[in-house]
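Novice: Below, each chain spelled out in residue letters.
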Amino acid sequence: MSYPASNDRAAGTFAMAGTTIRRTAVIGWRFLAIGTGLSLFLSLVLLAAGKTSATFLTTFPLELPFFATLGSMGGLMTFTSDRTKGVFEYLIAYGLRPRTLFADGLLATASMSAIILGLSLTVGLGAAVSRGVAFTVDFWQTIAFYTVPMSFAGGLFISTVGMIWSSVSTPRTGINSPIGIAPMLGIAPSLLVFIVAEAAPKMYFYYITSGAAVAIIVAVVGLLALSARLMGRERFLSPL
Amino acid sequence: MSAFPGPLPASNEPTGAPASHRIELQGVSSGYHGRKVLEGISFVVEEPAIYVVLGPNGAGKTTLFRTLAGILEPYTGTVRIDGIDIGREESRTRLQYLSHIDGIPDGLRVDEALRFYATVEGVGPAEVDRVVQLLGIEELRPKFFSELSQGQKKRVSIARVFLQERAIYLLDEPTSNLDPKLAREIRDLVLRLSQNHLVLYSSHNLFEAKEIGKYVLAIRDGKLGYFGLLSELRPAKYVIGIRAEGAEGILSPASKKGDYYLQELSGPEEVPRLVQELIAKGVQIREVKEMENPLEDLFT
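Quick note, the sequences are listed as chains A and B, same order.
Reading the first sequence from the start, the letters are residues 1 to 240 in the working numbering.
Reading the second sequence from the start, the letters are residues 1 to 300 in the working numbering.
Hints listed in this document are in silico derivations from the structure and should not be mistaken for laboratory results.
Computed from a prediction, not measured in an experiment: that's the story for all the values here.
Please note that a few of the clues may not be correct.
To be verified - Covered stretches of chain A, as calculated for chain B (at least 3 residues, CB under 8 Å):
1) 74-85
2) 154-167
3) 230-236
Claimed, not checked - Over 12 Å on every C-beta distance to chain A, these chain B residues come out as not near it, computed from the model:
4) S42
5) R92
6) G122
7) E139
8) L178
9) L265
For every residue, glycine included, the Cβ atom is placed at its ideal position computed from N, Cα and C.
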């Protein structure tokens, strides 16, 4: 009798991530559609209503992280669903570690953020170009130091908190559940960073935004490391 | 012979002397969130056979399976599979586990779900085709898992167990939610499997347990109440039912339960004598059956 070698299983784990991302797009399609739709809609409204391109240049980079975070909720939904349906029980029996399950959920979340960000940037910037908007250095810097990092950091942060929260509590549905509350909590970091960065002198704006994104990612990694170490495997079992 | 349309994989067919495998538990305590459900469980299993795990609800059967599968880490004691500690990944590759929960991911069709697990197992799509044939679920492949009946879901869940051959099969209530015909097919499949694999099988159905089990592991209040050959179990009372004609005046009508006259004997060795006596008295015996299942005593 032959047994699967660990490199086969590692390949299986890697391939599983692809399936999880695809499932997340199916399970969280409403969030994905709302996040992308709202982002595109607001971008086009800004371009249509703005008397000058300044409105677009200052508002467009700031709104994207909110919608990217909102649209990435599918990652958390998939994690919670898998736990409740007993999928994790099988995966752990196959030898997967809790940190792999967390990482899989975060990868799915980041993928959803990437889809929304990619679509919104492509369509929004394309539309701006067609309207003759002249992009400034400030605009590109805001995209690079605030929009992109905060779009990922916001989703990853709330997914991590949500995954830990749902793992230590009895799964519930509805608005009073990790998934129900996550979208509201998820935009908090982006909003907070934006308010602080705006209130600070202009010269500190990019330091604050990019520093906050790094801090959030570090917090995500720290939380994951800690929870994977401290949480018993029974936290991943279905209560059914 | 199994009624399944497809054969077991060639490697699963009983051939020659079975390879030697071993499950060993030494003083295992296990549970959830620090609360012990199992306490001081020790046993060794190494003969290919079906080991029926019995116990009332809440006794710890599922916890035992989860501990054996490496899902729960024992608080104390050791679990070894072929001498390898269950904490090591290498030991998991010898086990195949069926939970009482379906464990099929949301948002997938049956075919996709099986491919998902095939991916995790590191096996190819040919294995998916094989288990689909084995369990006769071809028509379910394009359906979403959520659209299936409980019995169909169970079949898909069982199919996953056969994606890859393992030495040890941990089957937690594999026939729950199945109609009698399908339950019979699953039992036949498991019986064939047990000829050269270790199979731990939990069930609430005592007649099923008696039919397929060679050994019994009875869990009671988290402790191992009994471990031994099922054939050595004797009920506290040995009662047979006799369905017969012309027994009026010979067998007491007060002992009648339905069509059967109940007779309490000291053991099965008394049955031939009683039957001969009744025949000699002109009683036409249609059927004799044991009315008490010795496994029932393990639940009391």
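Novice: Now look at each hint and say whether the structure bears it out.
Specialist: Here is how each hint holds up against the structure:
1. 74-85: Holds, because 4 residues of the region 74-85 of chain A bring their Cβ atoms closer than 8 Å to Cβ atoms of chain B.
2. 154-167: violated (count 0)
3. 230-236: Since three or more residues must qualify, the claim that chain B covers the region 230-236 of chain A holds, with 3 doing so at under 8 Å.
4. S42: Consistent with the label, S42 of chain B stays out of reach of chain A, its closest Cβ about 22 Å off (over 12 Å).
5. R92: The claim is violated: R92 of chain B sits with its nearest Cβ about 4 Å from chain A, within 12 Å.
6. G122: It is violated; G122 of chain B is separated from chain A by about 4 Å at its closest Cβ, not greater than 12 Å.
7. E139: holds (22 Å)
8. L178: holds (18 Å)
9. L265: holds (45 Å)
In terms of the numbered hints stated before, the structure departs from hints 2, 5, 6, listed from lowest to highest.
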